[in-house]
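Asks: Here the sequence shown stands for residues 625 to 756, where the numbers follow the working numbering.
Because the hints were derived from the structure by calculation, they are not lab data.
Hints are supplied without guarantee of correctness; some may be wrong.
[As the list claims (entries may be wrong)] Simulated crosslink set (SDA-like; lysine to any residue; CA at most 20 Å straight-line):
(1) Lys688 with Cys732
(2) Lys675 with Phe651
(3) Lys675 with Ile650
(4) Lys675 with Ser710
(5) Lys675 with Glu685
(6) Lys688 with Trp653
(7) Lys688 with Leu713
(8) Lys688 with Arg647
(9) Lys688 with Pro736
(10) Lys688 with Ile650
(11) Lys688 with Ile646
(12) Lys688 with Asp652
(13) Lys744 with Gly726
(14) Lys688 with Phe651
(15) Lys675 with Leu713
(16) Lys675 with Arg657
(17) Lys688 with Ser636
(18) Lys688 with Ser648
(19) Lys675 with Gly702
(20) Lys688 with Ser710
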Amino acid sequence: MADRVRVRFAPSPTGEPHIGNIRSAIFDWLFARHNGGDFIIRIEDTDQARKVDGAVELMLESLKWLGLDWDEGPDVGGDYGPYYQSERLVQYREAARTLLAGGNAYHCFCSPERLSELRKQQQQDGSDVTGY
625 MADRVRVRFA PSPTGEPHIG NIRSAIFDWL FARHNGGDFI IRIEDTDQAR
675 KVDGAVELML ESLKWLGLDW DEGPDVGGDY GPYYQSERLV QYREAARTLL
725 AGGNAYHCFC SPERLSELRK QQQQDGSDVT GY
């Protein structure tokens with residue numbers, strides 16, 4: 625196990641920064657700095673339909689304005705990049721193949737409507753999500 629704390633802040637570029645983003649970033653940054661660790665930014669940009677142009681830049685500018693700095697991220701690099709989630713799809717596909725091959729995951733062929741229906745039913749029942 626690594627001795628050094630590594631904390632990740634992973635905003636989605638779907639609009640302007642909001643209090644929830646900023647709160648999470650501050651808490652993560654404080655925890656990393658208090659423990660002598662690394663504060664890392666990775667952009668969760670896989671939802672391309674909701675992506676807003678300029679949102680990443682606005683988020684990074686806002687964090688800089690607050691005095692938060694980061695050790696790894698889209699604009700500073702690092703040993704564990706890339707720092708845009710969409711650029712890591714090859715790695716995610718390989719991990720999924722490994723899970724499937726080992727019998728630790730399965731393909732789901734449910735439509736979005738079916739998943740929404742199941743989610744709604746589980747919320748009404750108060751039941752735990754156990755699979756489909």
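Asks: Each hint should be assessed against the structure and marked as holding or not.
Replies: Here is what the structure says about each hint:
no., hint, verdict
1, Lys688 with Cys732, "violated, 41 Å"
2, Lys675 with Phe651, "violated, 25 Å"
3, Lys675 with Ile650, "violated, 23 Å"
4, Lys675 with Ser710, "holds, 12 Å"
5, Lys675 with Glu685, "holds, 17 Å"
6, Lys688 with Trp653, "holds, 12 Å"
7, Lys688 with Leu713, "violated, 28 Å"
8, Lys688 with Arg647, "holds, 14 Å"
9, Lys688 with Pro736, "violated, 38 Å"
10, Lys688 with Ile650, "holds, 11 Å"
11, Lys688 with Ile646, "holds, 11 Å"
12, Lys688 with Asp652, "holds, 15 Å"
13, Lys744 with Gly726, "violated, 31 Å"
14, Lys688 with Phe651, "holds, 15 Å"
15, Lys675 with Leu713, "holds, 17 Å"
16, Lys675 with Arg657, "violated, 30 Å"
17, Lys688 with Ser636, "holds, 17 Å"
18, Lys688 with Ser648, "holds, 15 Å"
19, Lys675 with Gly702, "violated, 24 Å"
20, Lys688 with Ser710, "violated, 24 Å"
When each numbered hint is compared with the structure, violations occur for hints 1, 2, 3, 7, 9, 13, 16, 19 and 20.
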